[in-house]
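Participant: Sequence:
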Amino acid sequence: MTTLLVMTTGQSDVQLVKGEQRHKLDGNTCGVLHDAIAQRAWSVVDAPPTRSREVIKVPSERERKECAKNAECVKSRETFILLPDGDLQLCTPKLDAVLASFNGTQPTSALLLETTRRDGRDPWLAGGILERRLRDRGIQQVMRVAFLTGTQQLEEPSSDVDAVVRGAVVAVLSNAIGEQLKALTKDDKVFIATTGGLAAANELINELVHLHAVGGPSVVALEVPDGNRAKQDDRAVEEKFHPAAGYRARWHALSLIEKGNLLGAWGAVSHLEDAPGQEWTQVVNSLAHFASSLPLPPHCDLAVLSHSRMAVRAALRVELALRADDIPRAVHGTVAFFEAALWDWLRQRDFAGEDLASGSLAEGFTFATEPTGEKKNRFSKRRKGTKWCINDFKTGIDAWLPVLGKTNLCALWAALTDDVRNLRNDVAHNEPTPALMDDARARMQDAELWSTTGTFLSQPLVQAVLKELGEPAPESLLESLLAEVRRRLASPVSSTGGTP
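Start counting at 1 in the sequence shown, then tack on 437, and there's your number in the numbering used here.
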């Protein structure tokens, strides 16, 4: 297995060792201090466990005069000391903590993403120091890429596109990460440690690594919490899940659901399925199962998705497909809506009393006397055996409708003329060209099965069929479902249902 470490550099990644303590470099003069370090002989040593509160600083002229009198100078509440004379000892506590997390092994290679601007603040030498530490630890494949050089800025405030991170910077980072990940496989692993540097760039780097890793290596994000606060040694741990990521995914999923794209919503959040506190994803998972006509998962408690009337579920799928502008799925679902309604009525029929048939819809029927005439049209004999099943082809439907005597079901069948029913085959077996989709939409609207605004449940005939089946408010089926989904996804409670 190949392991790649992707790490950024920041002001606190390189610290000075003096005595038995380590000192951070002052942020405002970090680049100037790196200039001075570059002029000295320096080595990288293990980081002492003791952290000094004194920072290494290039003082102002006033501070220089004060320091001429006192080696330790106090300004505000910050204590600082000057860069010592002679050879320097440096340490890389964050990198050491990251390497320690590999438990005796080492990453195969490393990619260091750095900034080398000479503006007085940038830790321009940090990449070279971290590289030496990596090589000293036996990691010889080290690539360094500077995404900001010279006087370049991370952002361009005057541009809407580049206001946070300039496109040129994105390109440098994406190319560097893509180049390192392109040869990795699903058996490999990438560790990201954006422990220092620019927050906006680090957020982008994390996303770019995950993007380039799709279909390839697994990704583990590491962080090095401030050990000083916890009064413990620096150690790298797997990055904790941030609640903001969950809420960002929630509104993204909800916006897709509102547009009828249930499968897209699940695709957008499925990576959070096992994340802590993200049980809300089960709601989206249930919706995706419903959209795919798959058995609903055991945790699903959205009642309408398992409605006892197949026609209700079929109508919902058509409405969602139209919201998503998925014309092929909507066409198929519209014809299937009639079939579902027909079977809803057949499931309620007393075949023993009304047809003198023994058996069931699932197992088939037998008759004491073989059916003849109109009755024979309603049933068809299976090729093997003696049992009969429902004839749900056109001849059978024409025979069943008068017997069932459902006015609105008959009206729906009349609206599904041959050219409308044939649309199902047209969209299933032909390339779904814009012209074919426009023709399908026009035919469905002419038959008043779809509205001119692209809805299904609003149509009087559709509502009449559902009301005939006992559904009291068909026009609000989808809105009621969406309202419940909104409630659950907006709730801070992690459970799939219940009262927040």
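These are computed hints drawn from the structure, not numbers from a lab.
The beta-carbon is built from N, C-alpha and C at its ideal position, and this holds for glycine as well.
Any given hint could be a false lead.
Heads up, simulated DSBU-like pairs for lysine-lysine below, C-alpha to C-alpha not over 35 Å straight-line [claimed, not checked]:
hint, residue 1, residue 2
1, K821, K831
2, K677, K696
3, K824, K696
4, K623, K696
5, K831, K812
6, K677, K623
7, K904, K696
8, K904, K821
9, K812, K824
10, K696, K813
11, K813, K824
12, K821, K843
13, K821, K696
14, K904, K831
15, K843, K813
16, K843, K831
17, K677, K626
Estimated spans, in silico, between C-beta atoms of each pair [unchecked claim]:
hint, residue 1, residue 2, range
18, A475, V657, 29 to 39 Å
19, A600, H689, 17 to 27 Å
20, H689, A475, 37 to 47 Å
21, R924, R581, 42 to 52 Å
22, H689, K824, 21 to 31 Å
Participant: If any of the earlier hints don't hold here, list their numbers in rising order.
Facilitator: When the structure is compared with the hints, numbers 3, 8, 10, 13 and 22 turn out to be violated.
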